[in-house]
Structures are given as structure tokens and as C-alpha cells.
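Each protein sequence line maps, in turn, to chains F and R.
Residues in the first sequence are numbered consecutively from 7, following the numbering used here.
Residues in the second sequence are numbered consecutively from 322, following the numbering used here.
Each hint should be verified, as a subset may be incorrect.
Chain F regions said to be covered by chain R (calculated; three or more residues, Cβ under 8 Å) [to be verified]:
1. 8–19
2. 170–178
3. 182–191
4. 285–298
5. 401–414
Since the hints were made in silico from the structure, they are not lab data.
Don't be surprised by glycine CBs; every beta carbon is placed ideally from N, CA and C.
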Amino acid sequence: MPYRSSLFGRTFAFKDVKEVLAKANERKSGDVLAGLAADSDLERVAAKDALSQMTLDVLRQNPVIPYEDDEVTRIGEDLLDEGAYGEIKAWTVAGLREWILGADTDGEDLRRVSGGLTAEMVAAVAKLMSNLDLAYAASKMEVTARCNTTIGARGTLASRLQPNHTTDSTEGIRASLLEGLSYGCGDALLGLNPVNDTAASLSETLKLLDDVKNRLEIPTQICALGHISTQMEAVRRGAPTDIIFQSIAGSEKGNRAFGFNADTVREAQSLLQGLKRGAGPNLLYFETGQGSELSSGSHSGADQVTMEARCYAFARAFKPFMVNTVVGFIGPEYLFDSSQVIRAGLEDHFMGKLSGLPMGCDCCYTNHMMADQNDVENLSLLLAAAHVNYIIGVPGGDDIMLNYQTNSYHDSAALREILRLRPLREFELWLEEWGILRDGRLSGRAGDPSIFIERLGG
Amino acid sequence: MISDMAGLEKTIAEVIKEYLSGGAAAWAGKNGRPAADAPDRGGAVLRDITGQAAREAEFVSGALDREAILAMKRRTSARIGIGRAGPRLLTQTMLTLRADHAAARDAVLKDVDPDMLRSLGFIELESRCADRQEFLTRPDLGRALSDGAVDALLEKCVPNPDIQVFVADGLSSSAVTANLPDLWPCLMDGLHEAGVKTGTPFFVRFGRVALMDQVSELLGAKAVCALIGERPGLSAAESLSAYVAYGAKTGMDESGRTVVSNIHGNGIPAVEAGAYLAELLQAVLRAKASGIAFRKDDGL
């Protein structure tokens, strides 16, 4: 059945739901590359208009990849809260948007309805939101999760400390780790991206992170972000970890390209539950990013915002501790410039939260994109105002291993001060003990990594 | 005049040496105040916030253990021990970061020096990308020559060479400008001394790696080697890579290519890379294979 819209007396027709969804996106270079984007700004608005009148049951009946063909579609569909869905299935997407934004709709209402929304519905409503809509709607949603500490409480902004090193040198990692702690980073996670994805190397990194965490008595969690199978192997060999990580995609084929499926994630989850290290119940960490499906040819002709929403439908089945989009990592062929990256960051955070996930964001860019450090700072300020659970912190904003830039260790402290936010409570008390933070602001010893040396024994 | 020049060079060299040996102390200006012991050279040598001494210094105000911070800095090239102005970066650190990013951006956005290409005798061709924006957003168009370039290639290039080496800007024109003048003569001398028949040298603007497959088919080359600028990082904006394929065909697997990466001043120096590639290419010809089918010890 075709979908139509008329603008300035001109009629636009779209052959199916998938085309309406794709053409309703704000302009993204990845959708252009895939040949899915609207041909003109007017056609884009026409698609949004057609989408606004679509009812939610139509979106449920038209997943962008059929149930029979795709595990991600099946997981989303099988876990849908039929009661919540029953309340809203006759709503239009416009109606859903205005209900979300409505003054009488609070976080509790959004949480209840969330279980009845499929990925396509979540993506559809994001496509009708302006940037401030996305920030405002997300700011209503408090999504907490607990591992050793609790993340996401209103009034907090956490950060993942990312002490990457070009050769995984434990001394080098430790140096960046201490620097980050001295700026009040690391309440979400002490999490390293390894160069060497071997169980032996991950074990060595995890032992270092665990040792620093124990000696300094830091209330947080640790993780070495290798491939999920390598992490499991390291854990089986006795490596200490609180959390297991995996990059995920919005299709079964995309996840296969990443080398895992839902069973792998279930296996990791039960391994951690048996380990009883991370207190839980939330023990997993996922990263996503618009365009990753197209880059592995697994997007099935669907646009990158809808594919991203499908990541969240998959993720929520596993009740993770943290999820973030690595929004500007993928390159200009998917997100061309700062305006596209900022838009995607706001979309992803909103869609993740609406899917019920404890959502953070890696506000980042590569050197071949039309973006710079100012844009990362802009996005993190917008997202912190929208109540993002956490951002990333690296030394001076420069990740020497992944060769991209994200927030500096300094940024979470500045954002907290501007917006009167605090670190996670247990971590804040720890920072106060060390004289790093006082009344929510960096104090005398902040920024001096040598304060930890004596306790660590050289 | 000439002797004056030599004298001046010597003086500058001495000043630089002395200046660098001042090391961390010369850079330890705090809280916006200029370092008290920064040498005044009357403008003979300007401070350079991207220099090694600036990167090795620590800037932590009132540090508990300055030596420990310097020791930590020796363990990583990450920007640590950089201090703060409130919860923000110090001015110098912020400007060093911006300078590194600017160098990386220039590498992506600027054109390769055309005079250098002409002096080395390169024919200049282009991919199907109309401009740099299209190059960055349409990798598919960067993997094929424009129609005009196909005609020019067939008209001007020697057919059926043993090895066709060509150059493309890729994501770093600076990598080509910086490395090609030293690399190219070494590579060509090495191949010609061994009696290898090389193709006509050409440069492709807005070109990507897989373009070598089309080149191989059009010219009937036994093997193709593409020298391409890599996506710049903040620490290395001038890194060149060489991709080698034997019997390259459109649609071939990436695993069929042998790659030599990290060709730059702090990696494999250009001269050394040229000599190494000459050996590698001969070994590829002997083995009649590249990529996973070619083992590095095959004749090397």
C-alpha cells in the first residue's frame, strides 16, 4: 500500500513503510550512500508528514527485516509488552510524539509505554522530533542500572575512563588511568579498548584495573573491551572482570559480522552471574553507532536511524549496565559533519532511553570528518542537559590507540559544574576522601595523578 | 656568503640543542605565566608547542610528586600530566591539541603538491569523485577512474608491465607530499636494477585502495602497487601505506592484498620503505601471489 503526502499542491508517494521511514530521516551521508535518502528537502518533509499519520500497529506489522529472517526482529517482537502495546496501538506517530512531550506525561508514564514500543516505533517518533524535542523528551527519563554502583540517577553525570594505550602496556595504561581518576572520571567504568584481542592480554589488563581498583578502594566497575568470546575466555581462565562488553548491530547479519549472536550474549551473562563479581543485576555493556550495519552490508535496505533503534531493542533483552553510541567514530561517509553527528547523538540517546536503556554517549569525531573538539564539547553539553547517564573521558580528548577524539578527562567536571550535576554518589564520596572534589567542584589535588602513587606502592 | 650560511646553521643547531636540553624546565610555565627560565634568543628560535620538549613536560600545579608524573609520561604518549585551569585545559595544552588536529585536517583536505608530482614525471588522473566532499562521502566513487582518466590511462601508459606502481592521495595528501620524493627513486632504482619492467607512473586524485583492481585489469599488469595516504591520527598525519596485489581483479577480497603501512618519519622512513618495497615486489612476482596466499618469507 502506498503512502502519500501533499505539500504546496505537489503529491509525494512512498511505496512502503520502509521507504517512508528512510526518507523521513534528517539528512545523513550514510543514507545518501545507501541510496535511501530523500531526494529533496521537500520530499523529506513529505515523508515526515506521511509518517506522522501512520498508526503504531502499522509499524509493528512492518518491521524493516521480517520476523522469519532475523533474530533481532524476533527478540524485539517476542519480548514486547502486549498490555502496553494494546494501550497505544491505534495512536499515530504524531500522537505518540505529542504524548511524550506533553506536560502531563512523566518518566513513569514513559517507562510503562516503553515496553510496548517496537524499534520501528521508537525510530519513527525520533524522526519527527527536533533536536530540542529529543533533548527535552530524554530529560524526562531516568533509567538506572546497577552493577557495583548505581548509574543514571537524576542529578548525576558519570564518565567511563578510557585509558587506552598503543601497545597495551600496563604501565602506560596505569598512567592514563591515574590521570583520569584525578579528574573525577571513572564512576561509570574503568574500561580499556585493547590493541591485542587475546585472552592473555585481556587478563593482564583486567588484573591491572582490578589491582588499582582494589588498592585505591574505588567504588566502580572494570572491563576490557575485547571481543565477547575473548573476554569469556579470559574470565574462564580466572581474569577478574565486573562487566562484559560487545559492539552490537541492528540485524542478525550485522551481529554475525561482529562475530556473535544472542546465544553468545546469553552465555556471557550466565558466566558473569556465576562469577558473582559484579554485584549486578546489570552486568553487560554494549556499544552501537549509526551506519555500522551499512558498513557491513547488513542493513537490508533500511535507514541508519531505524537500524540503530533495532540495536536498542536487542540490547534491552539483556538488561545491560551501560549502552552508548560511539556517535562520530564511523566516518564522514555515514555522518558527514558536526551537524549530522550532533543530530545522531541526540537521536541515539533519546531512542536508547525510550527503549528503557541506561544510555550514555561517546561524543567523538575522526580527523577526516568536518567536526572538531568544539563540536564534541557542544554535543556533550546538550546531552548532559538531556540527562545522559555518562560520557567518555580520555587524556586531553585524544585517544592515542583508536586514533579519534572524544571528551577530555576535564569535560565531565566542567559539565557537572555548569549543570549542577554530581558523580555517582559512592564515587563522589571517594573523590572527596582523596581531596579531588569538594561541593561538586574540582578541588586542590585534582589533576595530580601522583597523589595515588604512595598507596599503590610506586 | 656560503661560509656565513654554514656558520648560521651551526649556531641554530647549537641553540636548538641547548634549548631542548632545557627540557621540561623551560616549559613548566604555570597558570598562564610565562616560564621564568624560558631562554630568550632574541627571536633566533621560537618556542614550538608541538615540539618534543613541550610534549614531555608536565604542567601540574603544586604536584605532590613531580618526578612520578614525568615517569608516567615516559610510559605513554597520551596527554597526561597536563594540568588544568579550573575544570578546563591549560592554554598551551589546548593549543597543542588544536595544532595536531589542524595538521591532520590539512593532510585530509589539501591537495598533493603538483610541482612535486611533475618533477617526478607523474601523469595526473582522477577518480569518479567530483570534489573532496564527494570523495569523503562516496567511497564507491573513489574506487574507480573517471571515464576521461580511463582513456588517458590507455593512451599514455605502457601496457602489460610486470609491475604498475601508482600513487593516490587517499585520506592524507601530506603523506604523499612528505614521503614520495624520497621513496620513489629508491623504489624505481631497486626494481630497474633487478630488470623488472615497470609501468608509466601516474597519480590519482581522490583515489581509494580498490582502484588498483581496475588499474590492473586495464593495463594488464602482473602486479599492482598503490601508494596511498592513510587516515591521519593526531600523532601521525603523514603516514603512507603501500598495497600490493598480484593479478588484481575487480571485486577481489581485501585479504588478497599485502600491505606495508606506517611509512613516515617516525615509522618506516621513506628511503627505507622504497628499498624494502622493491624487494617485496620482486618476491611477489616470483611467488605469483599476494595477501594471505603470499608468505613474507617467500624469497624475502
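Now for the hints, and whether the structure bears them out:
no.: 1; hint: 8–19; in the structure: violated (count 0)
no.: 2; hint: 170–178; in the structure: holds (count 6)
no.: 3; hint: 182–191; in the structure: holds (count 4)
no.: 4; hint: 285–298; in the structure: violated (count 0)
no.: 5; hint: 401–414; in the structure: holds (count 8)
Hints 1, 4, counting from the list given before, are not met by this structure.
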